[in-house]
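For the protein sequence lines, the chains are A and B, in the order given.
Residue numbers for the first sequence follow our numbering, beginning at 1 and rising by one.
Residue numbers for the second sequence follow our numbering, beginning at 1 and rising by one.
By construction, these hints were calculated from the structure, which means they are not laboratory data.
Positions of the beta carbon are idealized from the N, C-alpha and C atoms, including for glycine.
It is possible that part of the hints are untrue.
[What the hints assert, rightly or not] Computed Cβ-Cβ distance ranges for the label pairs, DEER-style:
no.	chain 1	residue 1	chain 2	residue 2	range
1	B	E39	A	R292	38 to 48 Å
2	B	E254	A	Q324	53 to 63 Å
3	A	A207	B	H42	32 to 42 Å
4	B	P265	A	R76	35 to 45 Å
5	A	E295	B	A211	20 to 30 Å
6	B	D45	A	R329	54 to 64 Å
7	A	R298	B	H42	41 to 51 Å
8	A	A207	B	G160	17 to 27 Å
9	B	R20	A	D10	57 to 67 Å
10	B	R156	A	R345	52 to 62 Å
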Amino acid sequence: MSRLLDQLDDSQVVICTGAGGVGKTTVAAAVAVGLAADGRRVALVTIDPARRLAEALGLDNLGNDPQPVDLTPFERAGLEARGELGAMMLNVKRTFDELVTRLAPDHATADQILANPVYEQISTAVAGSQEYTAMAKLFELHRLASYDVIVLDTPPSRSAVDFLRAPQRLSSFLGGRALNMLVRPTGMAMRMTGLVFAVLRRIMGVAMLDDVTSFFALLGGLLEGFRERAADVEALLVDPSTAFLIVSSPEPQPAREAIYLGDELAKLGLRHRALVINRLHPLDPDGSDPARAAERLRSVLGGELAARVASVHAEFQLMAEREQASIDRLTATLGRSATFGAVDRGADVHDADGLVWLCRELFQTAD
Amino acid sequence: MGRSTVAAAIAAAGARAGRRTLVAELAGRADVAGLLGAEPGHGLDEVMLGRDLYHVSIDRQATLRDYLDHEVPGPLPAGRLTRSRTFALLIDATPGMGELLSIGKVWELAGKRRRRSGARPYDLVVLDGPASGQLMGLLRAPRTFGAIARMGPVARQTKGINRMLTDPAQTGVVLVAAPEQMAVTEAVALASDLRSDGVAVDQVVINRTVASPFSREDEQTLAGAGGEDAALSSARWLDERAGVQRQQMSRLTEDLDDIPQTELPFLFGGIDRQAIEDLATRLGGGEP
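Okay, chain A solo, but in the shape it has when bound:
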């Protein structure tokens, strides 16, 4: 019998990935609460732009560093908390600014980058930057070593993969010859780059091309720092102390995405430590025949109510059977040994009571 807690016993980083809408943020929060209960100092980081985590933990305004979570409501809900929990929501702009300031060779370069319009756009407006910054934040927190374990929530599936590749992508651009060709072209490269530039100028216009190239030229000054950082982040991701947790619901579409994620992780040389199937509906071992259920309940409920209960049960079982097919596909691909389930309890999980309940489901049941 393996428990989720045992699976995460030696973990310093827990990364929760999965499709949107499967309760990934809630699972991440419950895992963090469970690890804190176990006596660890836990930091919970979400990069989801929706204010889910804030709500789940009753926090209104999270800074860009983990803030201590008052565990009293969790203790009131029956949790014995022997450790500590800090939680934060990633502030993309601030994390990016901090990173640039830290890596820039001097103040002037940092200021120039911070004032560049392309940087402005990258650090504020557009999706994609959260992936870079989440990695940066994860790494910072890990390096600070103020926590025993960092639990990280990630954006939905396809971009969760982007997220994993983000440091590699940025460093292969910044670290490769490509950037040098672009900002300091010579020889053969000059001819090729000349063509690229001519096309880019025509499409983007001179102003945008200038901003883009000067942005990357300025970033070039931070090259060594970025390259080291990316290598460090990659090392952290493949480190055995980093555990990937794939979260799925038993619905067909999230299950497909979970399988896709498992494949992508494997391609990157990473392995998921555990699979969490959230909000599942248990199959009735006695079957779903409405007549039998109605017969069973007739004496307690009366014939008419028993019949209605039985027909609800038949529908419920229809859903449970459908889910079992998804679960079978999931476990066939991702393995059965470290699969943990949490049943759908009807009510939403969004407060301390709910998180403690989910935490028990995950940490005390085993497949």
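Chain B: place on chain A using the hints.
Then chain B, alone, in the frame of chain A:
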């Protein structure tokens, strides 16, 4: 939650009404195609799924090639440029470029004059959008890049894309939310973001709703029945879920009271082609 299902149903309703309809998916996905029981095409192929119903999967690499083919006619083949390592890395490393290309392709697909000669325009383009956290990034990409470019084709095109997105006669967002605490919170926040950006929200689809067949009295009987009977658990679960949903639905109704709302039932037996057609009817697509 259930975005692809609703996108498929809207597209089915559009086609049924005799409008030439295209349903588009991002990042090379083909969930809607699967729901409509069809195989997705390759690259940017617009595949016919049925009468007046087409599907396209917007893949980044293909979109870039498609764009360059059009923008860079003449001696320099786009293929060579897209294969250029420098160029690919530049596009890949510039955050937001993928979003810009995607929304630009949607603009092209929805345009009166199509880029590829011989391609016919559509009456309706249904985009199976990204999750709420990523939608604003997608919709804002043209404006932010446009502000940087100032002049040239990118500046001109981003202006056109933005004009389409902020014209309520051309573009409307359908928000899909399950009646759950967090989904409702996100939907309300997203509606406010969209409106402050000048994007119209046409409709809220409350998806996966369940109804409880039990009265107060029944509830008491069920609660008092005790025991671990699985059928009783199912009944209590449904009743609990329906109660939570009622609360969340009234939150939605209060917070977004000026947007039309449609409820779609949760389908215990799962989604198949027939279910999509039923949902299309509920969304006002008339009888098939």
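Now for the hints, and whether the structure bears them out:
The hinted range of 38 to 48 Å is satisfied by E39 of chain B and R292 of chain A, whose Cβ atoms lie roughly 42 Å apart. Range check, E254 of chain B to Q324 of chain A: about 38 Å between beta-carbon atoms, so the 53 to 63 Å window is missed. A hinted range of 32 to 42 Å holds for the C-beta pair A207 of chain A and H42 of chain B, which are about 36 Å apart. Against the hinted window of 35 to 45 Å, the Cβ-Cβ separation of P265 of chain B and R76 of chain A comes to about 37 Å, which satisfies the hint.
In this structure, E295 of chain A and A211 of chain B meet the distance hint of 20 to 30 Å, their C-beta atoms being roughly 25 Å apart. In this structure the supplied range 54 to 64 Å is violated for D45 of chain B paired with R329 of chain A, their Cβ-Cβ distance being about 28 Å. For the hinted restraint 41 to 51 Å between R298 of chain A and H42 of chain B, the CB-CB distance of approximately 59 Å leaves it violated. Checking the proposed 17 to 27 Å range against A207 of chain A and G160 of chain B shows it holds: the Cβ atoms sit about 18 Å from each other.
Checked against the given bound of 57 to 67 Å, the beta carbons of R20 of chain B and D10 of chain A, roughly 58 Å apart, stay inside it. Between R156 of chain B and R345 of chain A the C-beta distance comes to about 54 Å, which sits within the given range of 52 to 62 Å.
Going down the numbered hints, you'll see the structure goes against 2, 6, 7, while the others check out.
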